[in-house]
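Participant: Take a look at the letters that make up each chain.
Number of protein chains: 2
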Amino acid sequence: MTENESPALKVALAYHRAWTTHNFEAAMTYIAEDIVCQAPAGRLDGAEAFRGFMGPFVEIITHSKLIAAFGDRTTAVLMYDTDTIPVKDAPGAECITVEDGKITHMRIIFDRLPFDAARRAAPGG
Amino acid sequence: MTENESPALKVALAYHRAWTTHNFEAAMTYIAEDIVCQAPAGRLDGAEAFRGFMGPFVEIITHSKLIAAFGDRTTAVLMYDTDTIPVKDAPGAECITVEDGKITHMRIIFDRLPFDAARRAAPGG
Numbered sequence: 002m003t004e005n006e007s008p009a010l011k012v013a014l015a016y017h018r019a020w021t022t023h024n025f026e027a028a029m030t031y032i033a034e035d036i037v038c039q040a041p042a043g044r045l046d047g048a049e050a051f052r053g054f055m056g057p058f059v060e061i062i063t064h065s066k067l068i069a070a071f072g073d074r075t076t077a078v079l080m081y082d083t084d085t086i087p088v089k090d091a092p093g094a095e096c097i098t099v100e101d102g103k104i105t106h107m108r109i110i111f112d113r114l115p116f117d118a119a120r121r122a123a124p125g126g
Numbered sequence: 002m003t004e005n006e007s008p009a010l011k012v013a014l015a016y017h018r019a020w021t022t023h024n025f026e027a028a029m030t031y032i033a034e035d036i037v038c039q040a041p042a043g044r045l046d047g048a049e050a051f052r053g054f055m056g057p058f059v060e061i062i063t064h065s066k067l068i069a070a071f072g073d074r075t076t077a078v079l080m081y082d083t084d085t086i087p088v089k090d091a092p093g094a095e096c097i098t099v100e101d102g103k104i105t106h107m108r109i110i111f112d113r114l115p116f117d118a119a120r121r122a123a124p125g126g
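These protein sequence lines map, in sequence, to chains A and B.
Following this note's numbering, the numbering of the first sequence begins with 2 at its first residue and continues without gaps.
Following this note's numbering, the numbering of the second sequence begins with 2 at its first residue and continues without gaps.
Next up, chain A with everything else stripped away, as it sits in the complex (with noise of 0.2 Å):
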């Protein structure tokens, strides 16, 4: 489906493209405040949680890339690519949830290895 044909893809390039472009207020506007999102260090449960684990990496990215987006009725999946300031090409895959035109659920993947690594390299990191 494409995304006039899939409201769970509309919303979740609205999301992507907000918090891409450092709008990061703009982006928690999609998000439920029960939003349950599955990360890689856990299970984060409501919007300001979320708000924890997203914001401070939005704060790191200087450029992205959508690889991949597709989506139907009620599911979307991207697949990005971001280059952050500890760490160049970083990608990441979410398959989200929408209701009521709101992200109530984020499976989210990434490479946490080399963001480790580079805080370890970091002083007093």
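Worth flagging that the hints you see were computed from the coordinates, not collected in a lab.
Take the hints with a grain of salt, since some may be wrong.
Given that identical chains are not distinguished, each listed pair holds provided it fits within a single copy or across any two copies.
DSSO-like cross-link-like pairs, simulated, lysine-lysine; straight-line CA separation at most 30 Å [said to hold, decoys possible]:
| id | residue 1 | residue 2 |
| --- | --- | --- |
| 1 | K103 | K66 |
| 2 | K66 | K11 |
| 3 | K89 | K11 |
Model the placement of chain B on the given structure of chain A, informed by the hints.
Facilitator: Positioned in the frame of chain A, the structure of chain B alone reads:
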């Protein structure tokens, strides 16, 4: 698109079913000789390099579950969860390109950190 409407998704799912049921040689029949695979550790060129990356992973899988699968004529995206011997709950995402029934490009994302931690914790690791 459904599997019947997307030739790329059909190949992606056939490949996926093969390796998740430990039929790795059957899975390899969907891999183009000149596949380029962008994996977390870097770029792999060719089917033999791909075999060296994916073969050992298939051997440690104990359970797998498809989370999402979408595709169009030439591209498919899969997200799945796997349990492995060293790491439980090790999800992955793949964006694949299919040409003439074979996978010619794969971008695969997963979190290497828990695998690295398991290796460090293992005797002699």
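Participant: Checking K103 and K66: alpha-carbon separation at most 30 Å within a copy, between copies, both or neither?
Facilitator: The answer is both: 23 Å in one copy and 25 Å across copies each meet 30 Å.
Participant: State whether the alpha carbon distance between K66 and K11 is at most 30 Å within one copy, between copies, both, or neither.
Facilitator: Close inside one copy (17 Å) and across copies (26 Å); limit 30 Å.
Participant: Is it within, between, both or neither when you check K89 against K11 at 30 Å Cα-Cα?
Facilitator: within (28 Å within a copy, 33 Å between copies)
Of the numbered hints stated above, none is contradicted by the structure.
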